[in-house]
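*Asks:* Keeping the supplied structure of chain A fixed, place chain B upon it in accordance with the hints.
Chain order of the listed sequences is A and B. Numbering-wise, the numbering used here puts 141 at position 141 of the first sequence, and it's gapless, one number per residue. Numbering-wise, the numbering used here puts 417 at position 99 of the second sequence, and it's gapless, one number per residue.
If you are wondering where the hints come from, they were derived from the structure by calculation, not from laboratory data.
Derived coverage of chain B by chain A (criterion: at least 3 residues anywhere in the stretch with Cβ under 8 Å from a Cβ of chain A; other residues may be distant):
{"no.": "1", "segment": "454 to 464"}
{"no.": "2", "segment": "641 to 654"}
Cut-off 27 Å, straight-line C-alpha distance, at most; resulting in silico cross-link-like pairs (DSS-like, lysine-lysine):
{"no.": "3", "chain 1": "A", "residue 1": "Lys308", "chain 2": "B", "residue 2": "Lys565"}
{"no.": "4", "chain 1": "B", "residue 1": "Lys456", "chain 2": "B", "residue 2": "Lys565"}
{"no.": "5", "chain 1": "A", "residue 1": "Lys308", "chain 2": "B", "residue 2": "Lys456"}
{"no.": "6", "chain 1": "B", "residue 1": "Lys643", "chain 2": "A", "residue 2": "Lys112"}
{"no.": "7", "chain 1": "B", "residue 1": "Lys544", "chain 2": "B", "residue 2": "Lys456"}
{"no.": "8", "chain 1": "B", "residue 1": "Lys544", "chain 2": "B", "residue 2": "Lys565"}
{"no.": "9", "chain 1": "A", "residue 1": "Lys316", "chain 2": "B", "residue 2": "Lys679"}
{"no.": "10", "chain 1": "B", "residue 1": "Lys643", "chain 2": "B", "residue 2": "Lys373"}
No residue lacks a Cβ here, since even glycine has one placed at the ideal position from N, Cα and C.
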Amino acid sequence: MDLYAEIFASTIRMSVPLVLAALAGLWSERSGIVDIGLEGKMLAAAFIAASASAVYGSAWIGLFFAILVSVGLALVHGYASINQRGNQVVSGVAINMLAAGLAVVLGNTWFKEGGRTPSLPPAGRFMPLDIPGVSALADVPVLGFLAKVFLSHSIITYLAIILVVLTAWALSRTRFGLRLRAVGENPHAVDTAGISVAGLRYRAVIIAGVLCGLAGAFISTSLSSSFVRDMTAGGGFMALAALIFANWRPWRALFACLLFGFLQASGNYLQGVSVGGVQIPVQFINMLPYVLTVVLLAGFIGKSIPPKASGIPYTKDR
Amino acid sequence: MGPRGELPAWVDLGLIPLLNLTVALLVAGLVVVIIGENPLEAMWIMLNGAVGSLKGWGYLLYYATNFVFTGLAVAVAFHAGLFNIGGEGQAYMAGVGAAAVGLGLEFLPWPIVIPLAILASMAVGAFWAWIPGILQAKRGSHIVITTIMFNFIAASLVGYLINYWFRPVGKMAVESREITGAYIMSFREVAREFFGVRVASSPLNFSVFLAIIAAFAVWYLLWRTKLGYEIRAFGANPSAAVYAGIKPDRIIIITMAISGALAGLMAVNEILGVQHRLVLGFVGGAGFVGIAVALMGRSHPVGIVLAALLFGLLYQGGSELSFAKPGINRDMIVVIQGLVILFMGALEYAFRPALAMLFFKAED
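Pulled out of the complex, with its shape left as it was, chain A reads as follows (with noise of 0.2 Å):
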């Protein structure tokens, strides 16, 4: 039973950069953005929260500048691909090795651990909410389960839920969002209308930062208490196919991200574990994402449509 518990509690863990890129990623394309570069946003912004947690002692702090970053490097994508109507791809693979590099170069400098930053305290990192009561129920048999699965998460976590209630209102109910969905779709009837193309992509691609500001942040200071290099390991390549899994819809997204981000952990739990007599290797667990993600692409389980502008940069008919 406890074994389950942490399966659980894992799975939420893991899911949860997976949830905020993959809204990110929801916002920008949604918009007609593509965007490759949420890992790099992510990456960035990890290697940002833990170096100015480290410095300043507050995880807060470090959140705060692992946000600007992203959000600085979600401007470069958004100057090159709305304003100089740049491959989408090729500017997010660039930003992608911008901030794997820099992170490194930037961590050795400053810390001298080799890309390293130092280990932070419990202050300076996300850690569980300590809910009243909660300690109490471990020992009750349904709730104290209930509660080591549910309640035993930072307030980032939470945060993660409510953006996703949040960006589901605001794509369906808003006039926001309705807009930012038909410049997704149809940016010249958008702009016939009288409303900035550029305008609303822009916004996009700034929530987009936000969303990957945090994600990056809980990685370095919640997940783990330090930024090592590459840590964000292809995490904002899945949050993609879990969008793509999801067909660009916020509440889909979140169950893409939990179904991937339990495999992530069963895959930490399940080492050397057999089932049925038959031994799984680890390696093909890890690849599942990507493989469903594959197939659900092709066009064998559903089908996934792509909003109809993303990726084609916006040009005014003269």
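*Replies:* Here is chain B on its own, set in the frame of chain A:
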């Protein structure tokens, strides 16, 4: 006049790329300043480390060999309007082909095994790009996403294969047995064995000629064959190409397979030429360098060879630099790579309007 107005070819093909590259390097210099080092001194150490000695040249050319292969892979796909981000995974999978033939057919003489191993690398690399090609052509799955996913699948799959199939029983290191018979000799070994001359140690081996052949073959394919014409026509204007009787599915699938085969050749240099065994993560980002190389080389084989040499210089110079100046981490190369991709790819036309204005003003 629009921002895409006509400019002479030397401006579009020479001045603008040069300007973009200069800006990328200036920003990189700025990063060096920020970390408290002297960029000019850093540049001097890099240059000296790469081209100041025979050993430096050996490493430079060895790195460039890898980058020519992965750069050509990206470029061929670019010509068909496809973005193959999967060079990394294709090369990684190709290593399995190279090692399987190199180890499995060891009993045969090397003049037979080496060509077979090269073919196996190309075939496996091609296969790993062919699937995303098929999925794009027949099922409409976006090539960028599938090739990214295939990179991750390859990373796990090759890890599994090395761990469970290639690793000799009882060996701790996660790598295959050594290929003792049929590997590609390094220049150093040839000089020692056949001429009794000692030359500076470097991993440079005969694969470098394969890179030159590949560059020539890609040029010939793209500009001298019907298939190459179809690839370029399809890339330039897919709907017009369809009216001209070009079958999109066929072009997408064939182009991806060729692209993957080229990426696969990278494994020949690394596995057969240098490591002589299948090791974890031997591609080490070369697949992504290919993107920078292809963008910088304007997807033309001559440009790609030049860009690959420049990145070879950066890689070799970068390692020397990190020895000489511990303050500058080797990952500085990744930063430069990112900046090159940003300024030569995504911000390709950033300086064009200003330049066009200057140019037309001068003409008036």
